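**Student:** Here's the letter readout for the chains.
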Amino acid sequence: MTFALIDGNNFYVSCERVFNPKLEGKPVVVLSNNDGMPISRSNEAKALGIKMGIPMFEIKDIIEEHHIIALSSNYTLYDEMSRRVTQVYRGYSDKVEVYSIDESFVQFDNPGNFKSFSTLGQNIRIKVRKLTGIPVCVGFAPTKTLAKLANHMAKKMPRFNSVCDISAITREELNTLFSTIEVGEVWGIGSRISASLNKAGIHTIKQFMEASERWVQRWYGVVTQRTWLELHGKSCMRLEDVLQPRQNIGSQKSFSRTVTSRHELIEALTTYASRTAERLRQQHSLCNLIEVSIGTSRFEDNYYHDRVKVPLASYTNDTRKLAKAAVFGLDKILIPGLEYRFVGIQLMNIIPMQNRQESLFEPYDFRSEKLMNAVDILNRQYGPDTIRLASSGIERSWSTKFRHRSPDYLTNWDEIPKVK
Amino acid sequence: MGFPSPAQDYRVKTLDINEHIIQNPDTTFYFAVENNAMKGDDITMEHKVAVDRSIDPKSGHIIVAVVGEEFYIRRLQYRGNKAYLRASWPGFKTIVLDKLELQVWGVVVGSFRSHIKTE
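Chains A and B, in that order, give the protein sequences. Per my numbering, numbering of the first sequence is gapless, rising by one per residue and ending at 420. Per my numbering, numbering of the second sequence is gapless, rising by one per residue and ending at 539.
The shape of chain A in the complex, shown without the other chains (with noise of 0.2 Å):
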């Protein structure tokens, strides 16, 4: 059994190159919501610099001076590219999970009618460019870990030309090149654990091979030993399902301005519940639990940030209820005055439709259901927020701004790509 981890290189940035030829070859970052940082970058833009996750106040400068074009986020253009390049990847196999937007895993029994895996990843590499226009790097291990590890040696080492199998490489060659690299790129070791072993002597990806397993398990415990025994060869993650339902559902998202009306902050938190509403729905379930959090910017002194757990009288994923619950929950913890910058909702407790039970205070209410339905195939029709509720507001002047996004050249027929 062997697991490829695919990845799209600068993700965003190549969907846009795709289908904008003046972006070749030159310095390209798409920007956050807001626009307030840079969350992919061309490789040109890279070696100017400009790092992930820097604000783009801090940043103006470097941007002005080299003429790096900046491009607000155009997620639905990223989401259907990210669809038609995992369809080229089920043409090789049925066993593909789409771990994120840009990456999947996809497991193989073995390279088939390529020479090698080494052939075989070749293949996908090309083939998903020519379909699709997006440049991918693929690693091939015995392990989801090892595999994510063997696709972040494709990417950065050019020996490699974009595809990695690790059962090609020489247990000599491969401690080696885990003795250049930090314990910190392993998949499952963030930062904490990392400054945390980093102490303990152990920064790179060797040492930590070579430290014992109860030692790991003792002071990291069975997650990071579980990580441990991947990178020595024994899989001990499956393929996930990927229709798994979601157990969390959230919407936080950032002002463009401060907000301090609680009108406003009820507009913004109300369109947020009505999207998570719609995401329960759409995946049949049901929650009794959301969670409102509020907070002012970090950067400013007095940050303010506060979060309530609010109980529903019953399973539900009525908009209106939700809505409602949302709002009691804003009104314990809004401190009035403050200029904030964020509100959100978390949606917890999620449970399938089909293992409610009926709550003694609230039998189902199914007129619920069918009004919720029929809002939903409207929205789908006409774009999100066609049908929805007043309280969420109709002007939306404190809404995310996507001051410089790309056309909607998949969605939209008056935005298409124009050919001359």
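Incorrect hints may appear among the rest.
[Said to hold, decoys possible] Below, computed lysine to any residue pairings styled on SDA-like, alpha-carbon distance capped at 25 Å: (1) K22/A to F491/B; (2) K468/B to A211/A; (3) K130/A to G488/B; (4) K420/A to V524/B; (5) K420/A to H152/A.
[Claimed, not checked] Label-pair ranges, simulated between beta-carbon atoms: (6) G91/A to E490/B: 27 to 37 Å; (7) H284/A to Q523/B: 21 to 31 Å; (8) I437/B to G91/A: 50 to 60 Å; (9) K433/B to Q217/A: 49 to 59 Å; (10) G25/A to E454/B: 16 to 26 Å; (11) G91/A to G480/B: 22 to 32 Å; (12) A211/A to E490/B: 34 to 44 Å.
Keep in mind the hints are simulated off the structure, nothing from the lab. Bear in mind the structure is a predicted one, so any value in this text is a computation, not a measurement. For every residue, glycine included, the Cβ atom is placed at its ideal position computed from N, Cα and C.
Please build the complex by placing chain B on the supplied structure of chain A, with the hints as guidance.
**Tutor:** Frame of chain A, contents of chain B only:
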């Protein structure tokens, strides 16, 4: 309920415009045509085209090519080690490239337009 239809066993899907033109929706994209360079092939400024990236471009295909940061729609012809991108209407120059220089975005599989303006 009532009497089952005798046509039941012969029932197939009704006609769908998409299927007529598009062989592979996952690799097909749409472009809006900006000029009359291909008017001789009945593709005008009023038309949109469906472009399939999965088809291997051959001489005779109408393609979308990337030339100098722009998208062009032209008929492709290979001759020797050169590629010729020809328009089918006067006033539009033929683009000549080395075969290896040519960047084909995709092959035009169909064109379409509406004849009724909806307000």
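**Student:** Each hint needs a verdict: does it hold in this structure or not?
**Tutor:** Here's how the hints hold up against the structure:
no.: 1; hint: K22/A to F491/B; verdict: holds, 10 Å
no.: 2; hint: K468/B to A211/A; verdict: violated, 62 Å
no.: 3; hint: K130/A to G488/B; verdict: holds, 19 Å
no.: 4; hint: K420/A to V524/B; verdict: holds, 14 Å
no.: 5; hint: K420/A to H152/A; verdict: violated, 40 Å
no.: 6; hint: G91/A to E490/B: 27 to 37 Å; verdict: holds, 31 Å
no.: 7; hint: H284/A to Q523/B: 21 to 31 Å; verdict: violated, 45 Å
no.: 8; hint: I437/B to G91/A: 50 to 60 Å; verdict: violated, 26 Å
no.: 9; hint: K433/B to Q217/A: 49 to 59 Å; verdict: holds, 57 Å
no.: 10; hint: G25/A to E454/B: 16 to 26 Å; verdict: holds, 24 Å
no.: 11; hint: G91/A to G480/B: 22 to 32 Å; verdict: holds, 27 Å
no.: 12; hint: A211/A to E490/B: 34 to 44 Å; verdict: violated, 57 Å
When the structure is compared with the earlier hints, violations turn up for hints 2, 5, 7, 8, 12 and for no others.
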